[in-house]
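A.B. asks: Residues per chain, in single letters:
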Amino acid sequence: MSVACTSDEMMTVAAARMLRNGAVCFVGIGLPSTAANLARLTHAPDAVLVYESGPIGAKPPVLPLSIGDGNLAETADTVVSTPEIFRYWLQGGRIDVGFLGAAQLDRFANINTTVVGSYKNPKVRLPGAGGAPEISSSAKEVLIIVKQTKRTFVEKLDFVTSVGFLSGGNSRELAGLPGNGPAAVITDLCILRPHPVSRELEVTSVHPGVNRESILKSTGWELRFAENCGETASPNSVELETLRDLKERTAAAHGVEGDAA
Amino acid sequence: MAEWVTLAEAIAANVHDGETVALEGFTHLIPFAAGHEIIRQQRRNLSLIRMTPDLIYDQLIGAGCAAKLTFSWGGNPGVGSLHRFRDAVENGWPGPLEIEERSHSDLANAYVAGAANLPFAVLRGYTGSDLPRVNDKIRSVTCPFTGELLAATPSVRPDVTVIHAQKADWKGNVLLWGILGVQKEAALAAKRAIVTVEERVRELNAPPNACILPSWVVTAVCEVPRGATPSYAHGYYDRDNVFYRAWDRISRDRDCFNAWIKANILETEDFAEYLQAVLQ
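From first to last, the protein sequence lines stand for chains A and B.
According to my numbering, the first sequence is numbered sequentially starting from -18.
According to my numbering, the second sequence is numbered sequentially starting from 1058.
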């Protein structure tokens, strides 16, 4: 049974569905953390959530506000140091899925989280790389969750912080990056996947109630729709109730929503 | 051997103008009391290193203590921007701030290299990223065995590292637990290490393999209860998320920020008095 929901809820649910049960997932804070925890609380109870602050197998009862909240450590299978997380677990090839956000994204799913404008004289100084450059290169695959607007989906990035498919085609393979790159980009309007040959993102699923025109208007390049592009299934009542419960618990615990960042 | 001293004495003796300083703690155990004391003693031209500058470096940068910042993620976690950091980078206020930007993986590896007394860190990273274009310290090295091209970056070797921990015994042996970040590596990579702790105890009673910094690698140890607030100390108090959100408003405007620093740091005697001031 499908239930009426907001576009943000649709985005989070669609992203959560991408995480298969048992996958070892390196989780960024904010939207990725919300989606990964929703997956863990619904169809993927055995997903292993790894946070860059050191918790491995975290099962937080409410969404963490920061990447190093105490409830991540308390519920983890083990807590290791930050160097160990990046050296043994990420670089060591133990991560199946890297779950990332983005400030800007281009047609090959390269990501900017560094600056808007020039690096030397930025219009907006963004937080920067964090763990993303190595997550995007070393995780076996990457999921990106981001709201789709003309400001985020740009023709050309102001700065390439973390790579997707570089200039497309086989350029990622030629660069020798260990992981396979982005498997999907999940937005509040649709799901995009890389074309198997050109590696350019194309829409493979449109969320219910969204028309193609509004997706095109929210994209800074000439976006293509896949031949077999379908419609995303609406959230079912379990998905939606679990998400809303999680957010309510989080708000009660922090006095703020966990993916406010 | 670590010397038990007051925080004011530890900073006066071990943090000097123009030095390279790392105050570490990954969301957890951020040494805020020590950061405040550096502001109170009005240190200048510091070269600051920290993976996540967080509010602690927003305060130091806005208060004019920093000439350079080496970092990998500069946001207010769960809230948004660090306004004083942004104002320094975007507008050069209160003075120009040189930045050396790296990734988390790089800086974590660079602390390990520093602790291991190596000149550089090696990692599989940065391929395709623009970061090496804007930071000429990010270079590459060819593996002599396989020919693989790897990223090479200078190790981090601070003049002084400051961390906060849960406990130290009367000899100055330090115990910390929970999310450990890079604190052990940062302390061992530095020429001098200052540790503030929640409490001074007779015995640590720690199990084998616990994260302990033996007294003889610590320069000064100071008892500063709640010394990590508004970050948290596992087993002692939670993160003050309300303050993290309030900081967005306090720090957005230069005058508001200056007034806050003056009233709460410059015009308080120590961290205990600061805690009373902010609680009022």
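Any given hint could turn out to be false.
Using 20 Å as the maximum straight-line C-alpha spacing, the simulated PhoX-like pairs for lysine-lysine come out as follows [said to hold, decoys possible]:
hint : chain 1 : residue 1 : chain 2 : residue 2
1    : A       : Lys40     : A       : Lys198
2    : A       : Lys101    : A       : Lys137
3    : B       : Lys1194   : A       : Lys101
4    : A       : Lys128    : A       : Lys40
5    : A       : Lys101    : B       : Lys1125
Residues of chain A placed beyond 10 Å of chain B at every Cβ, according to the derived structure [claimed, not checked]:
hint : residue
6    : His24
7    : Asn91
8    : Glu136
9    : Lys198
10   : Cys210
Hints were generated in silico from the structure; no laboratory data involved.
We treat Cβ as the ideally placed atom computed from N, Cα and C, and that holds for glycine.
A.B. asks: Each hint needs a verdict: does it hold in this structure or not?
C.D. replies: Right, here's what the structure says about each hint:
no.	hint	verdict
1	Lys40(A) - Lys198(A)	violated (39 Å)
2	Lys101(A) - Lys137(A)	holds (18 Å)
3	Lys1194(B) - Lys101(A)	holds (17 Å)
4	Lys128(A) - Lys40(A)	violated (26 Å)
5	Lys101(A) - Lys1125(B)	holds (15 Å)
6	His24	holds (27 Å)
7	Asn91	violated (8 Å)
8	Glu136	holds (16 Å)
9	Lys198	holds (27 Å)
10	Cys210	holds (29 Å)
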